[in-house]
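Colleague: This is what each chain is made of:
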Amino acid sequence: MKLLRETYLVLRKDLVLQLRRRDSLLTMFFFGTLLLFVFHLSFDLVPDRVSEMAPGLLWLAFLFTGTLGLAQLFGAERENQCLDALLLSPLDRGALFLAKACLNFILMLLVELVIIPLFWILFNLQTWNLLPQVFLIALLGTLGFCVLGTVMSALTLRARARELLLPLVLFPLMIPIILATIQCLGAVLRGGELGDALPWLRLLIGFDVIFLTLGVLVFDWVIEIE
Amino acid sequence: MKKGQPQKSRARFLGALALITIAFGLYWALVQAPRDALQGDVQRIMYLHLPSILTAYLSFFLVFIGSCLYLWKREKRDDNLAHSAAELGVLFTALTIIEGSIWGKPTWGVWWTWDARLTLTAILLLIYSGYLMLRSLIDDEDRAALSAAILGIVGFLDIPLIHMSVYWWRTLHQPPSILRPDKLPWENVHPAMLTALAINFVGFLLLYFYLLSLRLHLGEVRSEIKTRRLNQGAF
Amino acid sequence: MHLTVKKLSKAYGFFWALKDLNLDLVPGELVALLGPNGAGKTTLLKLIAGLTPASLGKIELDRMPLSRASGSSRAQIGLLAPAAHLYEDLTVRENLEFFTSLYGRKNDAGNISSALASVDLGDRADEFVSTLSSGMKCRLSIAKWDLLEPGLLLLDEPYGVLDGSGVDLLEEFLKAHCRKGNLVILASHHVSRVLKISSRAIILHQGRMTFNAPRQQPWPEFDQAFREFLPHGEA
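Protein chains in written order, with this note's numbering: chain C, 238 to 463; chain H, 385 to 619; chain Y, 6 to 240.
Since the hints were derived computationally from the structure, they do not count as laboratory data. All C-beta atoms, glycine included, are put in the ideal place defined by N, C-alpha and C. Treat the hints with caution; some may be incorrect.
Among chain H residues calculated to face chain C with C-beta under 10 angstroms, some are [to be verified]:
1. Gly399
2. Leu509
3. Leu510
4. Trp553
5. Leu602
6. Glu604
Derived lysine-lysine pairs resembling DSSO-like cross-links, with alpha carbons at most 27 angstroms apart [what the hints assert, rightly or not]:
7. Y:Lys111 to Y:Lys63
8. Y:Lys24 to H:Lys460
9. H:Lys457 to Y:Lys180
10. Y:Lys201 to Y:Lys180
11. Y:Lys24 to Y:Lys11
12. H:Lys457 to Y:Lys201
13. H:Lys457 to Y:Lys185
Computed footprint of chain C on chain Y; a stretch qualifies when at least three of its residues, placed anywhere within it, have a C-beta under 8 angstroms from a C-beta of chain C [claimed, not checked]:
14. 6-12
15. 106-119
16. 167-178
17. 195-208
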């Protein structure tokens, strides 16, 4: 399909650029790690409480790190007016949306792959066996974040105080994802399985699907220049 | 502008009607309706609180409608509707929270609590404040209108999801059933109370539409000024 | 590509950048778009390219309205601005491969190599664009549009960054492009150079079109119009 082919083209271009510059990936990674240290210093955590607070703290770290990524999402396009070049081309706007959302998703996943085990180490958690489930839930939550975040990133592209405006409009809308992910993570860390939290998982998946579709449909208007 | 005259008198009539209805409603709320058995007189603020939040919801629905229409037709007046409704929505939501807080202190002993309704109302306030901020921070007007329209639609579509998640969050160990707000803290509803509520609700609606018409007119005048300045600037 | 423009106007805030522009250009024309700074040349190019919405008026390509939604018609429009629309951290070859794939054109290595050779960049194929000078970037853009073959090619002040051989290259390319039946609009300050290769001249002044005629030899009307608005000769 044309949409997927174009998505792949733009995504591949962005990944190559990321590999060469590594600016987004590295800053996100270091920022996430820094946050973990700050959390540990701020919340004097006893071992029993850590499990309770882990979902919230993890998600806070991802939220802020992800926002950093979102702010830089169209960075390559800003120099040399390359965004104009893309808009001038026959590129489907939905493909641009998918490519950018995928880019942020991949970057965040890479960061999470490191941050989650790091969290377990720094906070002395023993439940290493739960990591696969934790990753899966984080993945679903990250997907929703990237999808909605890409729309917001494009919406605020030409606003003043962009770095502040982006979280301002994004975070309230992210609340279902935040709650759902934390509830699921909490259930998993408490009891080793989702159990009661299954409806939350459904909400999470539902959110992802709804806003993925919405994003593809709406991006045409979102990215209109000037 | 001659054509403004019938509009102005219509608006004034609406405003007067709103004033009378609210006065009537207040009388009913403060005098005619019986004192609440459990909560005492403090409960009377519900006669303002409920209409406030319902009006706010109506306002946000209008933001959604205005945004959809603007995306479809790109007419300034639809954007004006969305913008005006957002401003009024933020106003009424803030009012709701303040009224809720005033009720909360004597009832629960605290100014704020994270129960489902209050949290949800606060989130609504945040979303639409964000909407207004987005508009004011984008310099190009058409771009601002377009971005705001999309935010208005995305935000509105997100509200059911937010509603669901916040209510589930607050009723953690119960199976999440239908999305009903926790029941109003009344045992039996006295008919006089219902009357007071109804009158106030109508009064608030009238007040809302009066304010909306004022704000819409303001938006139109601003638009007109901009168009005239633009046309005058044509060399 | 046949370009028709009717009463095109564009306002930025309170300022009209373009007012009431009418054009009817046929395939094969090489149009010189002239005028002092701020005349509206870049604005006109951006409007035709579909990168910015018009405030008033219509633009039609091959009798069809310029609509942002249609991907295939967008592929027919090219915009060449020096040093723009190239990714700094991709190599020369990668840039060409990316854009040719995006536009659905053949992008085998041979095609790209010959395009690069014709602009004298064959030996820089695997270097990053960030290492190129502005003149070389402009040549790369020429190679890019050579491969993409747009029916309508717009150029915004390419002469400034090109050296002698670069200018010859550009002019050869443009003449060949027009011979294939494509339309070219070239905005520039370098009047005498542009006039030599163009088939028509348009002068913009403060957003209005003050001259539009096919080239003649000699051309007293042009000289007069030119002198009126650019009294100190070439900008």
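Colleague: If a hint holds in the structure, say so; if it doesn't, say that too.
Modeller: Hint check results:
| no. | hint | in the structure |
| --- | --- | --- |
| 1 | Gly399 | 33 angstroms, violated |
| 2 | Leu509 | 9 angstroms, holds |
| 3 | Leu510 | 4 angstroms, holds |
| 4 | Trp553 | 5 angstroms, holds |
| 5 | Leu602 | 23 angstroms, violated |
| 6 | Glu604 | 24 angstroms, violated |
| 7 | Y:Lys111 to Y:Lys63 | 33 angstroms, violated |
| 8 | Y:Lys24 to H:Lys460 | 21 angstroms, holds |
| 9 | H:Lys457 to Y:Lys180 | 42 angstroms, violated |
| 10 | Y:Lys201 to Y:Lys180 | 11 angstroms, holds |
| 11 | Y:Lys24 to Y:Lys11 | 11 angstroms, holds |
| 12 | H:Lys457 to Y:Lys201 | 46 angstroms, violated |
| 13 | H:Lys457 to Y:Lys185 | 40 angstroms, violated |
| 14 | 6-12 | violated (count 0) |
| 15 | 106-119 | holds (count 4) |
| 16 | 167-178 | violated (count 0) |
| 17 | 195-208 | violated (count 0) |
Hint check: violations occur at hints 1, 5, 6, 7, 9, 12, 13, 14, 16, 17; the rest are consistent with the structure.
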